[in-house]
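Visitor: Since the structure of chain V is provided, determine the placement of chain S on it from the hints.
There are 2 protein chains.
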Amino acid sequence: MSLADLLNLPGVTARPAAETRDYVYNHTMIRVKDLQKSMDFYTRVLGFVPVHRSDFPDAEFTIYYLVRQPLESIPAHDDDKARQQWVLGQSGVLELTYNYGTEKQADFHYHSGNSDPRGFGHLCISVPDVQAACARFEELGVDFQKRLSDGRMRHIAFIKDPDGYWIEILQPTPLA
Amino acid sequence: MSLADLLNLPGVTARPAAETRDYVYNHTMIRVKDLQKSMDFYTRVLGFVPVHRSDFPDAEFTIYYLVRQPLESIPAHDDDKARQQWVLGQSGVLELTYNYGTEKQADFHYHSGNSDPRGFGHLCISVPDVQAACARFEELGVDFQKRLSDGRMRHIAFIKDPDGYWIEILQPTPLA
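Residue numbers (full-length UniProt numbering), protein chains in the order written: chain V, 1 to 176; chain S, 1 to 176.
Calculated directly from the structure, the hints in this document are not laboratory data. Beta carbons: idealized from backbone N, C-alpha and C, even for Gly. All the given hints hold, so there is nothing to weed out.
Listed next, the in silico DSS-like pairs over lysine-lysine satisfying Cα-Cα at most 30 Å (straight line):
| # | chain 1 | residue 1 | chain 2 | residue 2 |
| --- | --- | --- | --- | --- |
| 1 | S | Lys146 | V | Lys33 |
| 2 | S | Lys33 | V | Lys160 |
| 3 | V | Lys33 | S | Lys33 |
| 4 | S | Lys160 | V | Lys33 |
| 5 | V | Lys81 | V | Lys37 |
| 6 | S | Lys160 | S | Lys146 |
| 7 | V | Lys160 | S | Lys81 |
| 8 | V | Lys37 | V | Lys104 |
| 9 | S | Lys33 | V | Lys146 |
| 10 | V | Lys104 | V | Lys33 |
| 11 | V | Lys81 | S | Lys160 |
| 12 | V | Lys160 | S | Lys160 |
| 13 | S | Lys146 | V | Lys81 |
| 14 | S | Lys33 | S | Lys146 |
Every beta carbon over 10 Å from chain S, so not counted as near; a handful from chain V, in silico:
| # | residue |
| --- | --- |
| 15 | Val142 |
| 16 | Asp143 |
| 17 | Ser149 |
In silico contact screen, one side only, chain V against chain S (beta carbon under 7 Å); selected entries:
| # | residue |
| --- | --- |
| 18 | Ser2 |
| 19 | Thr20 |
| 20 | Asp22 |
| 21 | Ile30 |
| 22 | Met39 |
| 23 | Gly47 |
| 24 | Gly89 |
| 25 | Leu123 |
Here chain V stands alone, though its shape is the one from the complex (with noise of 0.2 Å):
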């Protein structure tokens, strides 16, 4: 479908407002239970950097913004307030928000929204080269929720975080 027709689908105003130039789509947000285990996930598995952190005590939680950039193109690496401005302005930003102990809870799980009640349906990280990245994820011990080899879209895999998460992997150009 070109551009054109996309822009003429029922809803779509075909040109943006004016006073909408400049917003950007900051950020995602879900819950984690352990926060240990998911900074683990999205630094080590998925390559993410935590570039922020706020604590709010008094409700018991905490927020964390990753990103996944290169860390020599992250500024203000001792000045937290020019550096979370620097974020808030970014694209692409995940925020984990930790509310305390529930790490400690045996029972407590959060909801994917892949199950009713349906809503929130996944992150997408897209990747060079689909196989590779898979490789190493079955080499890491992630687990998947549908591999490349699972069901009739064998160019995307779908991992999970440690909440359960879904995370679609693929790549923008075509299997080799």
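Guide: Then chain S, alone, in the frame of chain V:
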């Protein structure tokens, strides 16, 4: 907290593995009940542009990728495959999944993740001027979950999309 301290948090891999260098946090997927209402909201209110559509008639759903980027930056207006490859390499993409016919079911609704069972929390749009943006949303009749004047955090607001998903609105810089 300095970046060095963040990189020393429990669980954090301070230097991302070389294999993850070209991984891109590409998109977040949410399911929407009424495609036309969601397209209207995301394009008219928030300035998103739909840049790709894929139909899965056998499984009775369609997906759309939307970006918050100027029309001029979107390549391959008439080459759907090239535009699909482009969008799958971008960061800050929103995927809407529409399952056929849900809009005709009066009692059908998706789950925002912010009541039990909790999980996904919100999307966030950062804006140059949060007060101006919220005044605009009021004029447009957008539903608010939290106005700037509600509660203790006077620098952030939450609006709701047509399915009730929360969208945080903030500005990177301190309020004037």
